[in-house]
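Student: Listed below, chain by chain, are the residues.
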Amino acid sequence: MRGGHLPTHRLGRIGLDILAGTGRMGILLVQIVRPAPTTPHGLARLLHQLRFVGSRSMLVINVAALFVGMVLALQFHDTLVRFGSITLLGSAVGLSLVRELAPVLTALIVIGRAGSAVCAEMAIMRTDSQIDALECMAIDARRYLLWPRFMAFLIAVPLLTAMFDVVGIVGGYCVATANFDLGAATYFTGITENMTGHDLQMGIVKSACFGALSAWICLGQGFLIHRGPLAYSGSEGVSQTTTSAVVTSSLVVLFADYILSSLML
Amino acid sequence: MRSFDTAVPVEARAICAEFQGRQVLRDVSLSVGRREIFAIIGPSGSGKTTLLRHLLGLARPRQGSAFVFGHPVAELSRHELAGLRRRIGVAFQGGALLNSLSVVQNIELPLKQHTRLDAATIRIMTHIKLELLGLLDIDALMPAQLSGGMLKRASLARAVIMDPELLFVDEPSSGLDPVNAAALDDLLVELRDSLGMTIVVITHAMETALNIADKILLLDSGEVVTVGTPTELLQSRDARVQSMLQRRPVRAGSAADDYLNRLTAGT
Chain A
45 MRGGHLPTHR
55 LGRIGLDILA
65 GTGRMGILLV
75 QIVRPAPTTP
85 HGLARLLHQL
95 RFVGSRSMLV
105 INVAALFVGM
115 VLALQFHDTL
125 VRFGSITLLG
135 SAVGLSLVRE
145 LAPVLTALIV
155 IGRAGSAVCA
165 EMAIMRTDSQ
175 IDALECMAID
185 ARRYLLWPRF
195 MAFLIAVPLL
205 TAMFDVVGIV
215 GGYCVATANF
225 DLGAATYFTG
235 ITENMTGHDL
245 QMGIVKSACF
255 GALSAWICLG
265 QGFLIHRGPL
275 AYSGSEGVSQ
285 TTTSAVVTSS
295 LVVLFADYIL
305 SSLML
Chain B
2 MRSFDTAVPV
12 EARAICAEFQ
22 GRQVLRDVSL
32 SVGRREIFAI
42 IGPSGSGKTT
52 LLRHLLGLAR
62 PRQGSAFVFG
72 HPVAELSRHE
82 LAGLRRRIGV
92 AFQGGALLNS
102 LSVVQNIELP
112 LKQHTRLDAA
122 TIRIMTHIKL
132 ELLGLLDIDA
142 LMPAQLSGGM
152 LKRASLARAV
162 IMDPELLFVD
172 EPSSGLDPVN
182 AAALDDLLVE
192 LRDSLGMTIV
202 VITHAMETAL
212 NIADKILLLD
222 SGEVVTVGTP
232 TELLQSRDAR
242 VQSMLQRRPV
252 RAGSAADDYL
262 NRLTAGT
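As they're listed, the protein sequences go chains A and B. If you use our numbering, the first sequence corresponds to residues 45 to 309, in order. If you use our numbering, the second sequence corresponds to residues 2 to 268, in order.
Bear in mind the hints are in silico, worked out from the structure with no lab data behind them. As the structure is a prediction and not an experimental result, all values here were calculated from the model. The beta-carbon is built from N, C-alpha and C at its ideal position, and this holds for glycine as well. There may be inaccurate statements among the hints.
[To be verified] Here are the simulated distance ranges between beta carbons:
| hint | chain 1 | residue 1 | chain 2 | residue 2 | range |
| --- | --- | --- | --- | --- | --- |
| 1 | B | G84 | A | R78 | 17 to 23 Å |
| 2 | B | I125 | A | G241 | 17 to 23 Å |
| 3 | B | G46 | A | M308 | 24 to 30 Å |
| 4 | B | G176 | A | A64 | 35 to 41 Å |
| 5 | A | L244 | B | Q106 | 37 to 43 Å |
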């Protein structure tokens, strides 16, 4: 048996590949966020990406938030009735959304809608030599392509999360008033009395981290497709890279959610 | 840094390169003089585009060095390489236009990124290049709407928009009809004569090389077969040169020959 075929060698090779890939992704992140003068053209590209990542995600975010808020109200009502604490329905729905569900669900929806798209776009640009062409024109592809997309995720995900919070709370209110005859005052007073600045801060910090993480992974996997095992797999390579980016970033968001929750609670 | 005016525009010294464990360039050396049209020809898979990537600093050689205007491209920092590339134009084989921009936006991109020219001046300069390459009627189209020939012309227009000192053109005539291919050949000569550009053309079309090049390098299986003027190439007795000139593969008792002989004997 040749040395290269031993299980330990293969394991070592996989480990080295993972280390090298992580190192490349780390360097890429530094290159994306390093300070550099922003031109008017750069701002225009950022606004264009904000429209794509943010504005065009609003419909799906609003619909998802409405139903999540409504389901939460149903579920919490069923539980709170058993303990005679129905007046806490508003705060239960609000706190669940603001601290946990809105940041995570918003990030997962944005990954599915915009993360997959930017990953595929970068991968196609790489395999089609468009990124090489940018470099040959002395245009920094990281600054030109990655920075506006990364910043758009970083800005849009917290804003979309805030929208998710509001619409979800309204969804819960609709169910609370229509199904359980709970007054608006009871529902909203519960929220204002029990929700603190720390809860809002937790939601904002989480959503900003999730936005940055998902952008980094989706953009990085697409942009660096030529350095990975799928470099010469053509369209199949692009689709597999996109799937991998969506799965990885979703899992990383869930893992980061646990870490951030344990740090901030 | 050496002056751009005195340095040799392009030089390669014993470049060796590997691709997925296979050696694709072996000791490739070349030198391109100023205002010269230098053609790198060879059959498909001979390593032409790989050599171009090394000359552009898009790939690092396993051994040897590539120099552009006297600078070792593989050893430059990103900032230095960007400075050098502002003097260079590259027209890629498949066009490599940015899909999200229209043809005119693609062509004016280097001007917008590297100059402080006002929009009207940029529009005029772009218009001149569009006219030069016969693209005036398609400037608003997106790259996905263009034919292969139009993509090549648009890519060339973008490559020359900054009037570079050095122009690399990868397979300018592949996929073009003979009339458009000849027109593109003439255009390259005109760019050299009128703007004093040094041009490196990567091609598998011997006609293009013989028509426009001052010097031709023949590459086969990653090795330099010969370098010389078109006349020297035409007079060469090398089998691989003759094979390219006559558009016939080098055959030496292949399995296909045996099979054909047996078929012929049977009839």
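Student: Hint by hint, say whether it matches the structure.
Tutor: To see whether the hints hold, each was checked on the structure:
no.	hint	in the structure
1	B:G84 - A:R78: 17 to 23 Å	holds (18 Å)
2	B:I125 - A:G241: 17 to 23 Å	violated (57 Å)
3	B:G46 - A:M308: 24 to 30 Å	violated (57 Å)
4	B:G176 - A:A64: 35 to 41 Å	holds (38 Å)
5	A:L244 - B:Q106: 37 to 43 Å	holds (42 Å)
Violated hints, in rising order: 2, 3; the structure is consistent with all others.
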